[in-house]
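**Q** Sequence:
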Amino acid sequence: MRTTVVTGSASGIGRATRTVLESRGERVIGVDLHDAEVLAHLATAAGRALVVERVAALSAGRVDAVVANAGSAGRTPSDVAVNYFGSVATLEGLRPLLDASTAPRAAATASVAALMPCDAELVDLCLAGDEAGALGRAEKLVEAGDADLIYASSKAALCRWVRRMAPWRHWAGHGIPLNAIAPGVVETPMVADLIGTDVQRAAVAAALPMPLGGFMAPDVPAHLLAWLVSEANTHLCGQVVFLDGGADAVIRGDSTW
Numbered sequence: 001m002r003t004t005v006v007t008g009s010a011s012g013i014g015r016a017t018r019t020v021l022e023s024r025g026e027r028v029i030g031v032d033l034h035d036a037e038v039l040a041h042l043a044t045a046a047g048r049a050l051v052v053e054r055v056a057a058l059s060a061g062r063v064d065a066v067v068a069n070a071g072s073a074g075r076t077p078s079d080v081a082v083n084y085f086g087s088v089a090t091l092e093g094l095r096p097l098l099d100a101s102t103a104p105r106a107a108a109t110a111s112v113a114a115l116m117p118c119d120a121e122l123v124d125l126c127l128a129g130d131e132a133g134a135l136g137r138a139e140k141l142v143e144a145g146d147a148d149l150i151y152a153s154s155k156a157a158l159c160r161w162v163r164r165m166a167p168w169r170h171w172a173g174h175g176i177p178l179n180a181i182a183p184g185v186v187e188t189p190m191v192a193d194l195i196g197t198d199v200q201r202a203a204v205a206a207a208l209p210m211p212l213g214g215f216m217a218p219d220v221p222a223h224l225l226a227w228l229v230s231e232a233n234t235h236l237c238g239q240v241v242f243l244d245g246g247a248d249a250v251i252r253g254d255s256t257w
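Going by the numbering used here, the sequence shown opens with residue 1, and the numbers climb by one from there.
Take the hints with a grain of salt, since some may be wrong.
[Stated by the list, open to error] Distance ranges between label pairs, derived from CB positions:
#, residue 1, residue 2, range
1, Ala206, Arg75, 15 to 25 angstroms
2, Gly145, Ala206, 14 to 24 angstroms
3, Arg252, Leu39, 34 to 44 angstroms
4, Glu22, Glu143, 40 to 50 angstroms
5, Glu143, Gly61, 40 to 50 angstroms
6, Gly61, Glu231, 14 to 24 angstroms
Worth flagging that the hints you see were computed from the coordinates, not collected in a lab. In this text, a Cβ means the ideal position worked out from N, Cα and C, and glycines have one as well.
All chains should be built: construct the whole structure from the sequences, respecting the hints.
**A** In structure tokens:
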């Protein structure tokens with residue numbers, strides 16, 4: 001029986017991913033602020049350390065997959081702390097536990113927002129591992145009225161981190177496929193305030209066209225995450241898979257990485 005760690009497991013994409021994995025007989029160690037096996041706040045260093053400690057104890061030192069899914073969209077510096085630094089700390093902290101698996105896998109939840117306008121300085125600070133500097137930069141964006149750039153920047157940085165890390169020694173070198181998904185609009189509690197009315201939904205749909213199917217339920221990205229961390233995925237490496245109803249193709253046309 002495979003054991004998978006899923007952060008943000010109490011709601012949205014994380015809860016749906018847990019359901020999919022458990023439906024196929026796998027064990028899930030959930031991480032969240034409530035209703036999970038590990039209760040921890042990934043915005044803090046103490047919370048991240050607790051995740052590694054508790055998962056190691058609960059799994060007897062071996063996990064088969066890690067899904068770094070927990071996210072925040074509050075337009076505050078906390079988005080950076082959770083979305084980027086929390087995700088990276090989860091993946092890096094739990095990576096040694098994957099070495100005991102015969103088919104280790106890892107995935108992160110990014111966002112199609114990574115294609116939206118970002119703050120280059122914030123992205124660079126994230127990738128440099130300067131959390132204090134990144135949080136300070138995010139605070140300045142809030143003060144300047146540019147808080148909308150924070151979420152997109154945190155997800156863009158996460159996509160770039162996955163691309164940079166996946167093909168090399170700690171991941172591919174250990175036989176671990178590391179990838180990310182970039183969903184379009186998923187109807188979860190995190191975005192409820194943004195799409196709560198017909199007017200809001202129309203505005204979001206205009207800003208992010210999703211011609212195939214429109215907004216999606218959490219089980220759609222959950223099934224993709226479940227495949228990415230399955231034994232069936234042997235060669236997908238360092239990819240950011242846009243699961244967005246065509247939004248990427250609409251926004252970028254025939255452009256590629």
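**Q** All the hints need checking, so say for each whether the structure fits it.
**A** Here is how each hint holds up against the structure:
1. Ala206 - Arg75: 15 to 25 angstroms: With Cβ atoms ~20 angstroms apart, the hint holds.
2. Gly145 - Ala206: 14 to 24 angstroms: 22 angstroms, holds
3. Arg252 - Leu39: 34 to 44 angstroms: 39 angstroms, holds
4. Glu22 - Glu143: 40 to 50 angstroms: 44 angstroms, holds
5. Glu143 - Gly61: 40 to 50 angstroms: 45 angstroms, holds
6. Gly61 - Glu231: 14 to 24 angstroms: 20 angstroms, holds
Hint check: no violations occur; every hint is consistent with the structure.
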